[in-house]
Each structure stands twice: as C-alpha cells, then as structure tokens.
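Taken in sequence, the protein lines are chains A and B. All you need for my numbering is the position in the first sequence, starting with 1, plus 437. All you need for my numbering is the position in the second sequence, starting with 1, plus 437.
No wet-lab data here; the hints were simulated from the structure. Small disclaimer: the values here were computed from a predicted structure and weren't measured. A hint or two may mislead.
When chains are identical, the list treats them as one kind, so a pair holds in a single copy or across two.
What the hints assert, rightly or not - Straight line, CA to CA, 30 angstroms or less: simulated DSS-like cross-link-like pairs of lysine-lysine: (1) K864 <-> K915; (2) K748 <-> K494; (3) K522 <-> K537; (4) K447 <-> K688; (5) K447 <-> K684; (6) K915 <-> K546; (7) K563 <-> K586; (8) K566 <-> K753; (9) K546 <-> K629; (10) K748 <-> K522; (11) K688 <-> K740; (12) K494 <-> K756; (13) K563 <-> K467; (14) K684 <-> K807; (15) K748 <-> K684; (16) K908 <-> K617; (17) K614 <-> K808; (18) K688 <-> K808; (19) K629 <-> K563; (20) K847 <-> K500; (21) K494 <-> K663; (22) K467 <-> K520.
Protein chains: 2
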Amino acid sequence: MANEKKFVEKITARDTDFASWYTDVVREAKLCDYSSMRGCLNYLPNGYAIWENIQKKLDKYFKETGVENVSLPMLIPESLLQKEKDHIAGFAPEVAWVTKGGNEDLEEKCCIRPTSETLFCDVWQKQVKSYRDLPLIWNQWCSVLRWEKTTRPFLRSREFLWQEGHTLHATHEEAEKRTKQMFQVYYDFVTKDLAIPLVCGKKTESEKFAGAEDTYTIEAMMHDGKSLQSGTSHFFGSGFPDSFNIKYLDKENKLHSCYETSWGLSTRIIGAIIMVHGDDDGLVLPPRIAPTQVMIIPIAQQKEGVLDKAKEILDKLQKLNIRAKIDDSEKSPGFKYSEQEILGIPLRIEIGPKDIEKNELIIVRRNDRKKITLKINEIENEIQNILEEMQNDMYNNAKNFLDNHIYTAKDMDEMKEISKNKIGFIKAMWCGDENCEDKIKTETEGFGSRCIPEEQEHLSNTCVCCGKKAKHMVVWGKSY
Amino acid sequence: MANEKKFVEKITARDTDFASWYTDVVREAKLCDYSSMRGCLNYLPNGYAIWENIQKKLDKYFKETGVENVSLPMLIPESLLQKEKDHIAGFAPEVAWVTKGGNEDLEEKCCIRPTSETLFCDVWQKQVKSYRDLPLIWNQWCSVLRWEKTTRPFLRSREFLWQEGHTLHATHEEAEKRTKQMFQVYYDFVTKDLAIPLVCGKKTESEKFAGAEDTYTIEAMMHDGKSLQSGTSHFFGSGFPDSFNIKYLDKENKLHSCYETSWGLSTRIIGAIIMVHGDDDGLVLPPRIAPTQVMIIPIAQQKEGVLDKAKEILDKLQKLNIRAKIDDSEKSPGFKYSEQEILGIPLRIEIGPKDIEKNELIIVRRNDRKKITLKINEIENEIQNILEEMQNDMYNNAKNFLDNHIYTAKDMDEMKEISKNKIGFIKAMWCGDENCEDKIKTETEGFGSRCIPEEQEHLSNTCVCCGKKAKHMVVWGKSY
C-alpha cells in the first residue's frame, strides 16, 4: 500500500489548487507533454487513444448524416487567406508564416492553416457549376496552428487536433438546417458518449466566428465553475462563397449564390473530460469513450489457477467487444489499483484465490469506488449493464453539479455579488448592446456571454446592465 | 450508350500515353486535384475514402503487433533537426521554413516536418530512463512536407499523407527484429489487401534513408514497367538515440545505448493501385480496399417492383457488411455503368424487370467484365466468394505481369539491350561498388538499384558492370 500512496501524492488535491491538479493529472496519466517545439504538445499514447475513440464515434455519426471526408493542404497562400475580409482580420494576427522553401525565399509567403474555410472555397470554386454539384458535405480530421502566447495541455496550444466540417448548399434554408443538425450531433455525442451535460445556444455578435452570420456553441461547466466551449457550428450565409465567386446554375439556367456552413470539435474536449469527471486520484473516463474499459487485476497471481481464471474472464469480456486488459506485471495489487485509478479506467476486476474458491469476482467502479460482487458466470450478462449504469451515473452527477451552479441575476449588484462569491454560470437578461456585454464582463471580472440559449426564460423585462428593454436571456460565465 | 462513350473518351488509352492515362484516371475518378497552394494536392472524397480504408486495415495490423498511436508536432526547431548529421544533410535542402509567428520574426526558425525521427527522439529523451521504459512502439498518421519542384498526383507532392512508425528498443536484436516485422506487415498488406505483387529486399548503401543502417523496401511494378517504392522499414542502430543522448539503465544499473527503427507507407500507394490495376476505362479497385464494393444498377427502374427488388438486394448485402450502394439517379443505365467503371467499383449488379421475372440478377466483374448470372436468393451465399475470387484473380494477373517482365542480364551489353527494348526489371549481379551502381544507371538511362532481394539467386560469379567478384544479386529498374 506504500506504493499506492506515493502515486496519489504526486497529484495536488483538486480543491486545493485546480490548475495544479489539472496539470498533475495530465502528467501522471501520461496523456500529453510539452514538446521542444515551443507552444506545441506531444499527444502521448494514453491521450491519443482517447482522441482516437472520439474520432471513431464522431466520424460514424457524421457519416450517418452523409458527411464525406477529404484532406486539403496544411498551407494557405497569403492571397487566398485574404479573400474574405472578416476572416483575415480575425486570423492574420495569429498565423505562422512559411517564407522559405528549401534554400529559396518564396515569392508569396503562405501560412499554416489556422482553419480551412478558404481552402475549401478554393476547391469548390473549381468544382461547383450546377445545382447537380450541390450539396457538398465535407469534413477533415487534421491539425491546425495558431500562434498562441500561453499554453495549457489540451486547452490551449499552438497546434491542436480537430475536425473541421465544411458544407456548401443551394439554399439558405438547407445550410441553416445543416448548421443546426451538426450542432445537434455534437450535443448528442458530448452528453451521451462523454457524459458531459451542456448549456448551449447561439453566440452573441461579438463572440461569433470571424466571417460567420451565426455561431452555435455547446458549453460545458468544469469543476471549477468555468465554461469550456466544446464545439461550434457556424452558418456563413453566402459571404464566403460570394467572396470566392462560387455560384451555381439552377434548372432554368439562372445563376445563384451558394450557402456555407462549418463546424468543429477539437482536442480541447479531452480537457473537458478531465475537468468534469476527474477527482483527487486522477482521471475518470466515461465507459463509452475509455480506451480500456476494464482492467483485470489478479491477486496473489503466483498461486495456481489465478492467472488462468483472470485470462478466462478477459477472454469472456473480449468476446463481448469489451475493451479489457489484464495487469499481470510484477507490481503489487495496490500499485496496480493506483495506476488503474490514475488512468481513469472505468472498472477494475479484482480476482484472487479466495474469490475463485467462492466462484466470485469483485468489480470496483472508478467514479465512486462502489464495489459489486458477482458470481464469475454472471459477468457476461452483467458487464454491459454495469458500464452503462456507470456512464449514466457520471452524467447525472455532472448534471447535478451544473444545475446547482447556475444562478439568476436581475441587476448588476446581484451579478457582481454572485460572480464574487460563487463559481458557476449566471442567467441574466440582456438588451443586445455590445457595450453592456463588455461592461458586465469587466465589472464581474470575467463573466462573458457564453450563449443565448434556444430555450429562453423570461427572467425580467429589462437588461441586467443598462435597464433598457431586454432582448435575450444570456448565460454568462468565466471561460477557458 | 452514347453517354457511356462520352465518358471513356475523356481517358487517354493506357498504351498510347501512360502518363496522360494516369492523370486522366485520377481526374475522371475524382480522386484528387491540384490546390491553389502550389505543389499540394486536395484529396477529394473518392481518393480519401481509399486512404481511409488503407488506414483502417493497416492500423489494425499495427495494433496486433503492439503499436500505439501518438501525435507529435508538425514543426521542428532548426536546432533539433540538426542533431543527427546524416539526417539534416538528407533533408535540409527540401524543407519549408517558418520564420514568422503572428507579426513577429522568430528567434529560431523551424521547419515543417519532412519526417519525424528528431521529434520522436525529443520525446524519448525525457521519458526513457530505465529498461522498464522500453520498448516503445509508436506510430502516427499525419502529413509531411518536402519542398519538391515537380508534382504528380499521389506520386510526388509537397505535402503527402502517410504513417510513420518509430520504435525504441533495449537491444540491437530486438530492433532489427521489429524492422523486419513491420517490413513483413507491409508485404502482407500490399500483396493480400491491395492485390499488388512485390519485389522486396534491402536497399543498397546509396539508396538508404538518411541516417539509417539498413533500409528494407517493397517495390511494385507499374503497368509501364517502372517501379514504385511502396513502403520502407529502417533500422537505425543506436546512431539517432546516441545523438539525442537517450540511454537506459539495465537491472544492474549499467547505462546502455538504445536502438531505433522507423517505417512508413504513404498515399503514393494509391498511385500504385491505379497503375497496377487500372485499365482504359478507368480505375479498378481490389475488393478488399474498395470504399464501395458493389454498385446495384436497376434497369427500367420506373417499372413497378424494380427499385424495391434492388433495395431488397442492397439490404441483404449490407447485412453481410458488404459495402454496397444503389444508383437510383435519373441517369441512363449505360451512363451509370460507365461511372461505376471509371470509379473502379469491383462489382456491379444489373437488375431489371426481365431478370426479376426469372428471379435472377447479373453480376459484372470490373476487372475482366466477366458476367455471372445468379438466382436472387443465391446472392448471400455467393457474394463473398465472388469478391474473393476477383481479389485473387487481380493479384494473379498482376503477378503474371511482374514475372513476365523481369529479365536477367550477365553483362553490360545485355543490360543495355534489355533496358532499351523492354519495360520491367532486370536481375543482375553486383560487386557492391557504388561506382558500378552509378554507371549502370547512367548507361541504361535510369535503371537504378531497386533492392537486394533476401532470396538471392547465383546468376554468375562476376559484377555485371566491372567484372570483379559479385557480392549480391540486385534487382534494377526505373522508378517513380
């Protein structure tokens, strides 16, 4: 048991210092580390395996809605980036520029993609002639680069992994429908597969993506009460396609504008998994996304029959497509428990000579340490239920936390009072004026507008800040 | 049938102009096109779907041998790239340099990875202390960039997609074993899943990867007799790890060098699929790798019951996990046949009122147009066999082509004679001297050493070039 302690001591208690706790968990679970390339991360096997599972699930959901994957260049010529004016204004200050190729200076410098709207329009410009060429429902899994000054694992780094979907449509309505459809795909994925409850809605004008008409966002509340923007879906209207002169001929041979959307979800979401579910002992992974769902830990494994029985159980689980492993290393069981807990593996199975005598095994849930004793031959019938129950319990637990940390404010005194003394989000009415938005953020020391939820509540008639007529109920919060 | 013709006319006949045929097929099958970013390609849905299937299969084979995936940065600081002298000499002339981030000039410029040996060593340097930390069997799927002057779809472009595996071991033997193991994984994948026969073996000194002790290569013969290097596996010895000062302590606390390997396969392989299997009508995809394996084309689909029957067949195939689609667009059947042929979809099923009356359907194999008439209720039992037979026939056909285009030369007159009048490879003995290698290449106008096969044949006692004592039998050929 000495070893077990040693491990946990490496992790700062979550309530003592949330930021240190976070970096400790990332390090001890070996999810990622800093590269010698400043501002960039190495995604290590344990961290990347989570991303691979996210990819696998999301990609399946995308394809069920008709998405096709592509891969466009990582470089954008300067002239191409400049074609849409809001877009270049938004991204120019934070791109990395390639100015030399081999030993030669380039005639035109090019940047590493910070996002690929311009590259998709570049392809479409050549491909789209007629209504028969539409819609185009494309996506790519790739990395993008933004020259950030500060770095935090998964949350902010110069290069990060993501998917970016880009679609082109013949009508305004169809594009808007697709924007909302992908927003819904994100919502379902994050709530159901990641067990993360969400607040969601439209972004205000000032928080929208550079060049977008509407931005829809899903926002998750971390254990410190801050929000993490976890996925966004943008409706561009025809601004981008028009800038690139992408038009199509309809059946009557008339020329029309096209309508565009884009939507993205990145490795930031791994930060959300850590900060929503993690605890003082390390990571806690939702069963549906965990690279390893069950770790079998034999006790007194040198005794005859123990390892055989453990392997028999492993075999049963793998036949059910449960992602299970057996830890038959020479470490002590206590040390193995501690490792399994740090890594956030949802279930561990303890099996030793005494259990085998009784034809039993013990399952321990990572989230709440609940122990379940089963007859060995019950495992095949029960394991899927146990994983699903744990998944649901994790969601409900996080949902309670979220619900218990959303407050209502009717005036600025209440806003300031809550923002000073509580962690979490605040619901309050807003007139729609950007000045009020700025003032609220300043006077609450950081509570910005997170979103305008679709399901509006009428909290009062007037803006929480200026007292003029209110237009929307907005959710406010600090954010990562 | 007029439409059908129109399509094929867009493709140059393969034997008239192989290079034009190739670009025509790539364009008409919509696999990729050129980006406005010079030298870079857009991998379009039809092309990228092939790459996705390659990834899916190879990744599975990798993981069965214990490979873990990671993701390291796309940028390499100049000082890091310079740590291994042969490596920097090999790559410095062809990398792209980032010199500005946002609006600032960088203190140290960094290059976009041309390959990632240095980045993997950078991670390992921090992680490897003891024998317990070894081996590390890592891989990443990513893109790399080399500032090429000329570009051909899939074969040569500035940015290309690949996987690069990098492994670190405690012993020379173990690393060498891994080098050969991954070489074998490539061999099995390319021959079995892509139906491409191979010549394989070690590269000569001059053809080795920059910094490697040994490079193993798989070489495929294209339909024009040229070779395409289709995958390589490198043994580095301890040169790289020593340059990065990566050492480990053994059980007795003694410090040792580590041994490294790397191995890669890229989107070039899609070029090989096209140039080995394609014909005058377009692409021909091996069933195991084809994104769509079966296209069902209803005839007289407006007649009652035809579409229903087609959908019934689709349903049956999908239940068997066959990747099938139905083309119920308004185009004529002839036009649809032509499209299916250009796209290289292995099988098409023709089903019309007359077939339904007889309770039959017709299957046409893409590779040889062979027609198979089946009772509709036989399809479930037969489809897998038909696909497998076609896969095998494609391999055997390509294997015959390869075997019929390998010649033997005993002296330079024969070498020159064959290289002038034949397409294909030449087997000939070699003394091991680089000067002879160069001379052979010059005097045959491009027949370079492709590899030294493991299964050596004793063709004669003397070098085909200088007449001195021969060391190896080498396979020579022109290459892409």
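Now for the hints, and whether the structure bears them out:
no. : hint          : result
1   : K864 <-> K915 : within (13 angstroms within a copy, 70 angstroms between copies)
2   : K748 <-> K494 : both (29 angstroms within a copy, 27 angstroms between copies)
3   : K522 <-> K537 : both (26 angstroms within a copy, 21 angstroms between copies)
4   : K447 <-> K688 : between (67 angstroms within a copy, 25 angstroms between copies)
5   : K447 <-> K684 : between (59 angstroms within a copy, 25 angstroms between copies)
6   : K915 <-> K546 : neither (37 angstroms within a copy, 36 angstroms between copies)
7   : K563 <-> K586 : between (37 angstroms within a copy, 24 angstroms between copies)
8   : K566 <-> K753 : neither (56 angstroms within a copy, 37 angstroms between copies)
9   : K546 <-> K629 : neither (44 angstroms within a copy, 44 angstroms between copies)
10  : K748 <-> K522 : neither (61 angstroms within a copy, 48 angstroms between copies)
11  : K688 <-> K740 : between (78 angstroms within a copy, 26 angstroms between copies)
12  : K494 <-> K756 : both (20 angstroms within a copy, 20 angstroms between copies)
13  : K563 <-> K467 : between (45 angstroms within a copy, 12 angstroms between copies)
14  : K684 <-> K807 : neither (60 angstroms within a copy, 43 angstroms between copies)
15  : K748 <-> K684 : neither (62 angstroms within a copy, 35 angstroms between copies)
16  : K908 <-> K617 : within (22 angstroms within a copy, 68 angstroms between copies)
17  : K614 <-> K808 : neither (46 angstroms within a copy, 44 angstroms between copies)
18  : K688 <-> K808 : neither (66 angstroms within a copy, 38 angstroms between copies)
19  : K629 <-> K563 : neither (39 angstroms within a copy, 37 angstroms between copies)
20  : K847 <-> K500 : neither (44 angstroms within a copy, 57 angstroms between copies)
21  : K494 <-> K663 : within (27 angstroms within a copy, 41 angstroms between copies)
22  : K467 <-> K520 : between (42 angstroms within a copy, 26 angstroms between copies)
Violated hints for the displayed structure, listed by number in ascending order: 6, 8, 9, 10, 14, 15, 17, 18, 19, 20.
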